[in-house]
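With chain A held as given, fit chain B onto it using these hints.
Number of protein chains: 2
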Amino acid sequence: MKLEQATIKDIARELNVSSSTVSRALKDYPGISDETKRKVKELAEKMNYRPNAIALSLRKSRSFTIGVIIPEVVHFFFSTVISGIEEVAYSRGYKVILTQTNEMIAREKSSVQTMMDNQIDGILVSFSKETTDFDHFKNLLDKGFPIVFFDRIPNLENTVNVVVDDYSGAYEATRHLLQQGYRRIVHLAGPSNLKISQERHRGYKNALEDHGLEYNPDWVVECTHGTDDEGQKITSEILKTFKVQPDAFFANNDMAAVGAMLACKAAGKRVPEDIGIVGFSNWQFCSMIDPTLSSVAQPGFKMGATATEILLDLVEKKKSVDQFQDSVMLDTELLVRKSSVR
Amino acid sequence: MKLEQATIKDIARELNVSSSTVSRALKDYPGISDETKRKVKELAEKMNYRPNAIALSLRKSRSFTIGVIIPEVVHFFFSTVISGIEEVAYSRGYKVILTQTNEMIAREKSSVQTMMDNQIDGILVSFSKETTDFDHFKNLLDKGFPIVFFDRIPNLENTVNVVVDDYSGAYEATRHLLQQGYRRIVHLAGPSNLKISQERHRGYKNALEDHGLEYNPDWVVECTHGTDDEGQKITSEILKTFKVQPDAFFANNDMAAVGAMLACKAAGKRVPEDIGIVGFSNWQFCSMIDPTLSSVAQPGFKMGATATEILLDLVEKKKSVDQFQDSVMLDTELLVRKSSVR
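In order, the protein sequence lines correspond to chains A and B.
Heads up: the first sequence runs through residues 1 to 342, numbered per UniProt numbering.
Heads up: the second sequence runs through residues 1 to 342, numbered per UniProt numbering.
Hints in this document: simulated from the structure, not taken from any laboratory.
Here are the computed distance ranges between Cβ atoms for each label pair: (1) V244(A) with F242(B): 51 to 61 Å; (2) E45(B) with D322(A): 48 to 58 Å; (3) K46(A) with F134(B): 52 to 62 Å; (4) E209(A) with E333(B): 48 to 58 Å; (5) R38(B) with D34(A): 29 to 39 Å.
Lysine-lysine pairs mimicking PhoX-like chemistry, simulated, CA-CA at most 25 Å apart: (6) K109(B) with K195(B); (7) K338(B) with K269(A); (8) K9(B) with K27(A); (9) K265(B) with K269(A); (10) K338(B) with K233(A); (11) K338(A) with K233(B); (12) K233(A) with K265(A); (13) K138(B) with K317(B); (14) K338(A) with K269(B); (15) K265(A) with K269(B); (16) K143(A) with K9(A); (17) K318(B) with K302(B); (18) K46(A) with K143(A); (19) K265(B) with K265(A); (20) K265(A) with K338(B); (21) K143(A) with K39(A); (22) K205(B) with K195(B); (23) K269(A) with K240(A); (24) K27(A) with K37(A); (25) K27(A) with K109(A); (26) K338(A) with K269(A); (27) K338(B) with K338(A); (28) K317(B) with K9(B); (29) K143(B) with K9(B); (30) K41(A) with K27(A); (31) K302(B) with K319(B); (32) K338(A) with K265(B); (33) K265(A) with K338(A); (34) K205(B) with K243(B); (35) K233(A) with K338(A); (36) K27(A) with K143(A); (37) K9(B) with K37(B); (38) K143(B) with K317(B).
Think of the CB as a built atom: it goes at the ideal place given N, C-alpha and C, for glycine as much as any other residue.
Excised from the complex, chain A in its bound form (with noise of 0.2 Å):
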């Protein structure tokens, strides 16, 4: 791996001083002459030298600690992802830090400036809904800082993403329905910016048309939020003012299909005799409503730990970025529960 960018050794061996008397110079800390300060101080401007390369290049040995950044705890696919991450960690002898972003690109920022001041050897990020600008990884990526992303991939060149097979998930979800007799079914869309939702709406629409049934953007609905409130309302809505009633709805996530659940209930519905429903991510509740809930298995574990191999090689240099050209992607899987079954 290059470092694209002067760090303090690079600025030391320039001036024939030590890193030390670099490093001081740019603190301006006492002991070092005003003339070594200012041509520390020309040389860092002219190689491109910046203060957050300090953490990066002044340090000696590995941290032995790994930072992740995902944008909410509380997802259950998340959670599995976590689980995953720290079986490889610990048993490969580091330790990890968490920071959650809320879904906030503010936060996601703050959370890179965190891993960076606390010298961590190298980062798992799954991105905000906000994100859409990816400087604030692609500075550390060109110093060659080890950086694998997981399920929310960028559209960055020169970076190691981890992904689940999203469109066949719904692909697979979509020909279940068919299968099952269901002809009008809504997709209850993820926020378009993300390329999970992009994936995930393809493989509903491909599964339709190589049924021979036509696609219809209208009966596409984003539901942003992914909540069961959201869903329910959604859903509600839908159930009112479609003119030709849905028989089934394929849910870009758990939450969303919970909630057009429960708005079919309330709408005297029967699930699944009179509508199919799916949902993605295979979320712990899903066995425990009535009826259950049929979803598409994410490998979350499997996720977690194939990104932290992947990351620990990069620290470790047992392995380059440039081996990892294509996304490594996973299976998903789909859990036909009563939902969907007719």
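Chain B alone, transformed into the frame defined by chain A:
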């Protein structure tokens, strides 16, 4: 807050030199005379200065980062606590890092070390089910390092604790079942080494006795893991083997309550007509399952927010530990849903 162990500042004051001289002398940096190094090291030894106090004492400014050590992020209650913590921390200009112990004391000790390595300003802790020895916290408390314990609190002097009123929550839940006409109430209890389990058990017992019913220890069955699987197995066994059949279950947590509900349904019992069920914690799924589950809501968000306000007041020296001799206790609220009303 008094530091019972010597800090670099104490040594500096005693020798009438700067803190940075002491620090550099201890680290054998060049530019400090051998005589000064000798004096510093001798005094450090004499004053019981320990190297791992460096992080605490060398710090000139705060890192504006607090650490949170919790058993499991997937637990709905803890995730709401985290939201409360982050709300207050970010609004007061602090960042938050989390570590999860997965209920293992080895990881808890490692988490404390990670926090110390990372120069955080204070920690919020809910300890693991395995933790019976608190030395890893006591060392820090003795140095005056700010720690606030929440939910699971240690049997230590001079700690600041924030808890919910588990006793009253359990008492109310049991009284509610009695008022609904249920008489043979089984308590699915939590691990008996946790104070929260003991308090909930005590609330159950006192409510029975206050209503003139006999307390029978055989009707208290421990669910150590608190999973729905475990709750289901234990309840099936109870329904099969108890000569006097129970007509209600008060569970120490919602997962066990859901397990009990599934076991009752599987045994052909109707909930709430034949058997009433109340859980504890008010997980999200309580309102999603059928029948909806009555549960004791704990103020997770408020607990996180309160604990953080206190921690930051300690960090900023606006308050001191001796102002918190008694635990700060927050009210619970019984949410009555369909599972316990007949």
